[in-house]
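There are 2 protein chains.
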Amino acid sequence: MLTYSVRRSLLSGQFSMFKTLNHMCSAVYVQLDRGRCDKSGGETKEEAEAVLALCADRGYICHADSESWRRGVSSGFGPLGAELKRNLLEKWWDSVVSSRAHVFGISSPSCSPDKTGSGHVKKIDTKQIMQILEQPELSREQIIKQVNSFLRTSQALRTNFFQGALEQFVPSSELVNRKLPFGLAEHGLCFRGPSCGWPDTVTKTSLVWFCSPRTSSQWLDFWARQRLQWWKKFALSSSDFSSRDVPGEDLHLPASRGVKIMYNFPWGPESLEILWSRGDTELLQAHNGARSKLHCRDGQKSVPHVITVTANMDQGVMAFLFNSLQQQKKEGSKRKLHQKVLKLHPVLTPIKVALDIGRGSTMELRQVCEGLLQELLDSKISVWPGYLETMPMSLEQLNARYDEMGVLFTTVINENTLENGLLRVRSRDTTVRETMHISEIKNFLSGYVSAAQHT
Amino acid sequence: MLTYSVRRSLLSGQFSMFKTLNHMCSAVYVQLDRGRCDKSGGETKEEAEAVLALCADRGYICHADSESWRRGVSSGFGPLGAELKRNLLEKWWDSVVSSRAHVFGISSPSCSPDKTGSGHVKKIDTKQIMQILEQPELSREQIIKQVNSFLRTSQALRTNFFQGALEQFVPSSELVNRKLPFGLAEHGLCFRGPSCGWPDTVTKTSLVWFCSPRTSSQWLDFWARQRLQWWKKFALSSSDFSSRDVPGEDLHLPASRGVKIMYNFPWGPESLEILWSRGDTELLQAHNGARSKLHCRDGQKSVPHVITVTANMDQGVMAFLFNSLQQQKKEGSKRKLHQKVLKLHPVLTPIKVALDIGRGSTMELRQVCEGLLQELLDSKISVWPGYLETMPMSLEQLNARYDEMGVLFTTVINENTLENGLLRVRSRDTTVRETMHISEIKNFLSGYVSAAQHT
Chain A
1 MLTYSVRRSL LSGQFSMFKT LNHMCSAVYV QLDRGRCDKS GGETKEEAEA
51 VLALCADRGY ICHADSESWR RGVSSGFGPL GAELKRNLLE KWWDSVVSSR
101 AHVFGISSPS CSPDKTGSGH VKKIDTKQIM QILEQPELSR EQIIKQVNSF
151 LRTSQALRTN FFQGALEQFV PSSELVNRKL PFGLAEHGLC FRGPSCGWPD
201 TVTKTSLVWF CSPRTSSQWL DFWARQRLQW WKKFALSSSD FSSRDVPGED
251 LHLPASRGVK IMYNFPWGPE SLEILWSRGD TELLQAHNGA RSKLHCRDGQ
301 KSVPHVITVT ANMDQGVMAF LFNSLQQQKK EGSKRKLHQK VLKLHPVLTP
351 IKVALDIGRG STMELRQVCE GLLQELLDSK ISVWPGYLET MPMSLEQLNA
401 RYDEMGVLFT TVINENTLEN GLLRVRSRDT TVRETMHISE IKNFLSGYVS
451 AAQHT
Chain B
1 MLTYSVRRSL LSGQFSMFKT LNHMCSAVYV QLDRGRCDKS GGETKEEAEA
51 VLALCADRGY ICHADSESWR RGVSSGFGPL GAELKRNLLE KWWDSVVSSR
101 AHVFGISSPS CSPDKTGSGH VKKIDTKQIM QILEQPELSR EQIIKQVNSF
151 LRTSQALRTN FFQGALEQFV PSSELVNRKL PFGLAEHGLC FRGPSCGWPD
201 TVTKTSLVWF CSPRTSSQWL DFWARQRLQW WKKFALSSSD FSSRDVPGED
251 LHLPASRGVK IMYNFPWGPE SLEILWSRGD TELLQAHNGA RSKLHCRDGQ
301 KSVPHVITVT ANMDQGVMAF LFNSLQQQKK EGSKRKLHQK VLKLHPVLTP
351 IKVALDIGRG STMELRQVCE GLLQELLDSK ISVWPGYLET MPMSLEQLNA
401 RYDEMGVLFT TVINENTLEN GLLRVRSRDT TVRETMHISE IKNFLSGYVS
451 AAQHT
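For the protein sequence lines, the chains are A and B, in the order given.
FYI, in UniProt numbering the residues of the first sequence are 1 to 455.
FYI, in UniProt numbering the residues of the second sequence are 1 to 455.
The set of hints was computed from the structure by calculation and includes no laboratory data.
Cβ coordinates follow ideal geometry from the N, Cα and C atoms, glycine included.
Careful, some of the hints might be misleading.
[Stated by the list, open to error] Sample of chain A residues facing chain B (criterion: CB under 8 Å; computed from the structure): (1) F77; (2) G105; (3) R140; (4) K179; (5) P181; (6) R291; (7) V368; (8) E434.
[Unchecked claim] Calculated pairs, DSBU-like style, for lysine-lysine (alpha carbon to alpha carbon, straight line, at most 35 Å): (9) K260(A) <-> K340(B); (10) K127(B) <-> K145(A); (11) K45(A) <-> K293(B); (12) K380(A) <-> K442(B); (13) K91(B) <-> K380(A); (14) K232(B) <-> K232(A); (15) K179(A) <-> K301(A); (16) K340(B) <-> K380(B); (17) K127(B) <-> K380(A); (18) K380(B) <-> K260(A).
[To be verified] Some residues of chain B that are not near chain A, with every Cβ distance over 10 Å (derived): (19) W92; (20) Q168; (21) K233; (22) S243; (23) D245; (24) L283; (25) K293; (26) H295; (27) L348; (28) S361; (29) M363; (30) Q374; (31) E396; (32) S446; (33) G447.
Whenever a hint applies, use it, and build me the whole structure from the sequences.
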């Protein structure tokens, strides 16, 4: 399999201006990638903490407490992390919903009456419990009874999207004229009790796939393959993503079989996504066993089997952050042997280009930057307004900072640009500096990101 | 001001194939729009219920209980409503975040420790209260004390994004080198207690804008104008959207002034979005009065003033549904005088095109449809797979159904298409049928939606 860097250099090769330089660089990159894999095995706790510290410094996460992240307790994302998560969720939606005819996006309520009595994470108006406790005439037993009854009738917070999808099965199957297979997809917040050792909330993606019983096994394999490919597509080192079968007993359902997609964090493998073939038990339960309502047109009047595909996208963001950080050997510099580069995939990386100014009249250069910035934003290219920075910084320091932020390209606009419209564009991944005309940069960037998306 | 229909026909005019027909039609549409405005004034409760019933039938909302919707208690959206909401949130993000240099997307936690003790909607693990209640050795007073203390330390569910943004002010201002103005934006779920008479959860959008004290009044006006324009841009009858000033006392803050953006529902005007100029009180509170941390580089070392722009997007979806439904006079048909057309704006409407089959070999026609469907989905054009429908339906019935669903274009593929590649494309807004080659349809649809976006 081609490494990501090689694929990147191949796709860049579509742009003639980068062609020769990329061919020159690709050999170097294969070596660097191999270097990374060797190191990966011996990566220690300290190294994990160094990655987290960098992510916190560069606005990806709020705190660099490695113990919390290991336990999956997300302390929240900074502005760059929030944008990375947005991009990741958008790519998931494109892959699972927008590009498929038989998957519908749904929007299930985040809290709902606790019909089964099994939900214990609830949304409570604490004022109402206080009111019960403050009634002096109530005895100990009456207080217990009233609080219990209040808790029982309170709304349960969703811990997954599964029940919501099961409830929407009947109207959705009408949409496709009761033809199988079809899927219902959603992403958003889910809640957990503190006792689970999980974070309080987690951003999940969910696909619930309904298919005929005889095809459910193939569909599980199909989706497991698809999802693993999706994770690997955006990886720098794709071998850190893997899948493994899970024994069906874990789910306590007779017909169940599962597949987990794992990421190999420095502290060990963690599950990012889990796929279950769950049979028809829960679909029947959700509709009180009304088989006739659930029959689909597959010739055999059977109740559909259900496959769930659920990912934890907070964990997914962390996987890509760990996966993308590369220690790069800097040649010709004795002072600093290694430079850290956050090589997030071009479509995922939160900032596609940084605009900086070099020598020249600051006022005039800033005006050019403002104009270019708006042009790029209008084309939905995310820009870092580096020209606002007034702290003096060498070009080396600036590049090191942008590399750590994962900024894909850096441009410097200087007095030359004012004269002839030319500016310098530096690539994060090749470190090569190209000169191009200011009028070309928008199309160059759109083309680069869009090409990366389709490889 | 041009009505939406006229604007639509003007923009369609960019495509030569539609040019002549649109010129013919635009006069008719001005009349129809005027007809709608007259009727709007006398719209009764029954008519509101008819709109909701149609929205429920066509998969936009889950239940058509008008009393709940009036009280703002959303019963949830169906697949088409969920997609409409997605489109609306995406356009909001494009307008407020992606196209602006100084607005950053953030992601604040949905539940957090209740520092101020003012939060009363909380996430509770009910098992833990049960454990307290089940201890036989505890007296009445001990139970009250322990439950109280447990409630106090439980996590509060967010009711808005304001606190989250205030907390991210310092690291974010570092990003822009402490230069004002800048904004922090977010959208997602917020919670409410049942006592508020509000729905349990609501999808909100939030922009928190930090600016220098002397410019805060202008910025409030700027954002109020921008936001009203945004709502009107997607409206069919833009006069139903309006803004009005709100007295500052409503917020109990000395420096406050507000603007509400209203939609004129059949049952009266309701607020969709509210903008507040709030002074610096809350920013100072959130940072324990540490003024020096908050100073920005505006020459005067002052603490920034804060403007909040908060919309209820569930209500926004309902506004556009009510706004877009048009009763259209059908000429030449005695049986049915009025036809309902859900004229959602091309960029908002959940389904851009429906694929249906006419006379010919069903098997072969379906194959053509499958191919075309995948091609359209790959270009991110949402498609309705009407060819899966096996219930016999006249073309008139089919069009009526698609018009009610707000499907922008309908295509029929028949035996002619197999011979010469030509198919018929019907426009929802003009009801005109055009013949075009199957290879042209993808570019035609992308072009149409993209042109609608930029007018």
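Status of the hints after comparison with the structure:
no.	hint	result
1	F77	holds, 5 Å
2	G105	holds, 5 Å
3	R140	holds, 4 Å
4	K179	holds, 6 Å
5	P181	violated, 12 Å
6	R291	violated, 22 Å
7	V368	violated, 14 Å
8	E434	violated, 24 Å
9	K260(A) <-> K340(B)	violated, 48 Å
10	K127(B) <-> K145(A)	holds, 15 Å
11	K45(A) <-> K293(B)	holds, 34 Å
12	K380(A) <-> K442(B)	holds, 22 Å
13	K91(B) <-> K380(A)	holds, 12 Å
14	K232(B) <-> K232(A)	violated, 43 Å
15	K179(A) <-> K301(A)	holds, 11 Å
16	K340(B) <-> K380(B)	holds, 27 Å
17	K127(B) <-> K380(A)	violated, 47 Å
18	K380(B) <-> K260(A)	holds, 29 Å
19	W92	holds, 13 Å
20	Q168	violated, 8 Å
21	K233	holds, 16 Å
22	S243	holds, 26 Å
23	D245	holds, 31 Å
24	L283	holds, 18 Å
25	K293	holds, 17 Å
26	H295	holds, 15 Å
27	L348	holds, 15 Å
28	S361	holds, 19 Å
29	M363	holds, 15 Å
30	Q374	violated, 7 Å
31	E396	holds, 20 Å
32	S446	holds, 14 Å
33	G447	holds, 17 Å
Hint violations for this structure: numbers 5, 6, 7, 8, 9, 14, 17, 20, 30, all remaining hints satisfied.
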